[in-house]
Amino acid sequence: KAGVTQTPRYLIKTRGQQVTLSCSPISGHRSVSWYQQTPGQGLQFLFEYFSETQRNKGNFPGRFSGRQFSNSRSEMNVSTLELGDSALYLCASSPGPPHEQYFGPGTRLTVT
Amino acid sequence: AQKVTQAQTEISVVEKEDVTLDCVYETRDTTYYLFWYKQPPSGELVFLIRRNSFDEQNEISGRYSWNFQKSTSSFNFTITASQVVDSAVYFCALSEETGNQFYFGTGTSLTVIP
Chain A
206 KAGVTQTPRY LIKTRGQQVT LSCSPISGHR SVSWYQQTPG QGLQFLFEYF
256 SETQRNKGNF PGRFSGRQFS NSRSEMNVST LELGDSALYL CASSPGPPHE
306 QYFGPGTRLT VT
Chain B
25 AQKVTQAQTE ISVVEKEDVT LDCVYETRDT TYYLFWYKQP PSGELVFLIR
75 RNSFDEQNEI SGRYSWNFQK STSSFNFTIT ASQVVDSAVY FCALSEETGN
125 QFYFGTGTSL TVIP
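Protein chains in written order, with the working numbering: chain A, 206 to 317; chain B, 25 to 138.
Same shape as in the complex, but just chain B (with noise of 0.2 Å):
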């Protein structure tokens, strides 16, 4: 069965320091898509990044960047010198090769502090 833990429920940072979300999945499939999604206070998921399972290449854009690793099955998110406007709640999410249900991790709420 597919899970996606997000251990860490909120996370306070001060503006400008670097900040990784973690995020760990489970499932026994060999093709499978991983979403990293925004969810600022005013609701609406905004979707940051898709990762499919057979590329493992490192992401970077802007100030956010993603490290993927199928060894530990982990794809964990890092803002570097967080904004204010960084605050909201992020959520990883994993979908199989077939279907478009996602399965979406618990969240994590992360407030950068001016």
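Chain A extracted, bound-state conformation (with noise of 0.2 Å):
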């Protein structure tokens, strides 16, 4: 099976500007996590889609939004970018709880 895959895999925008990153989870699964990473905060998470439905959120501002689609594929955006939204955002996939989650490759964001 294919695994986890996200694009763009590098962006660099400026602040104030918006962004849409993409994900596309393993065949079969349903249920898609988004994470931000940074080297202070560490791994935390966004916000998970199970059948198109926003089932849990993190703690972040309204300017981080996601939505999933029918075919399970998921897109986050950023409005209004901050410099300190620089970040390697990790999509996750998972057949549902309670199973493990399987990571993408990551999007690194760069807010200038």
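No lab work stands behind these hints, which were simulated from the structure alone. These numbers were taken from a predicted model, which means no experiment stands behind them. Any given hint could be a false lead.
Stated by the list, open to error - Mimicking SDA-like on lysine to any residue, the simulated pairs with C-alpha atoms at most 20 Å apart in a straight line are:
no.	chain 1	residue 1	chain 2	residue 2
1	B	K27	A	G247
2	A	K218	A	T315
3	B	K62	A	Q242
4	B	K27	B	N76
5	B	K62	A	Q246
6	A	K262	B	T51
7	A	K262	B	F128
8	B	K27	A	Q246
9	A	K262	B	Y56
10	A	K262	B	T122
Got two chains here, separate frames each, mind docking them using the hints?
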């Protein structure tokens, strides 16, 4: 089976812009989670979608949003980018709890 | 509230030494799941193991072994005869029964010196 894929892998944006990141889960997996990883804060949970419904949301401002499509592919959007949004954004898929999550390679976002 | 603590920030060992990575967790749930992930320099998190709260059997997989002790809320990971390829950041994580939100520790950076 193909693994979790994320596009793009690298992105450079300017403060104030918005960005959309894409994630394709492993075939058959209906749960997609997003995480932000930074050196200072570590791995922080953003949100989780299951069958197009957001089930959990982490402690991030409303500028961070996401959605899941009927084919389980997911996108996350960050509006009005700030310098502090520079991070590695990781997507993970799972058949659903309590199974393990399988992570994609991440999208490294740099905000200048 | 759920919390995972990995007190060891960085560890360096010489190749072929054994090394244990500590993980202590907090949860009020009676059913929960524990995980270990490896993040090599390439950045992709690799799943290593999952344990549920009702299964306290230790597990061995090749050079890797895991010791789960509910009495001390610990889920430690031992690498035997370490190799340079084991150099990575290792994360311990906890999830509750019903949600798919993982609570990650801050990670332990392991360097194996040849």
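Quick rundown of the hints versus the structure:
Of the pairs offered as hints, the one joining K27(B) and G247(A) holds, with about 13 Å between alpha carbons and a cut-off of 20 Å not exceeded. For the given pair, K218(A) sits about 6 Å from T315(A) by alpha-carbon distance, which is consistent with the 20 Å threshold. Distance hint between K62(B) and Q242(A) is fulfilled; the C-alpha atoms sit about 14 Å from each other, no more than 20 Å. Our distance criterion of 20 Å between C-alpha atoms is met by K27(B) and N76(B), whose separation comes to about 16 Å.
Between K62(B) and Q246(A), the direct Cα distance comes to roughly 18 Å. Compliance with the 20 Å bound is thereby established for this hinted pair. With a C-alpha separation of about 19 Å, the suggested pair K262(A) and T51(B) falls inside the 20 Å cut-off, and the hint holds. Restraint check: the Cα-Cα separation between K262(A) and F128(B) comes to about 15 Å, which is no more than 20 Å; the hinted pair holds. A distance of roughly 14 Å separates the Cα atoms of K27(B) and Q246(A); the hinted pair therefore holds under the 20 Å criterion.
The hinted pair formed by K262(A) and Y56(B) meets the criterion: a straight-line CA distance of about 19 Å does not exceed 20 Å. Only pairs whose Cα atoms come within 20 Å are accepted, and K262(A) paired with T122(B) is accepted, the gap being roughly 14 Å.
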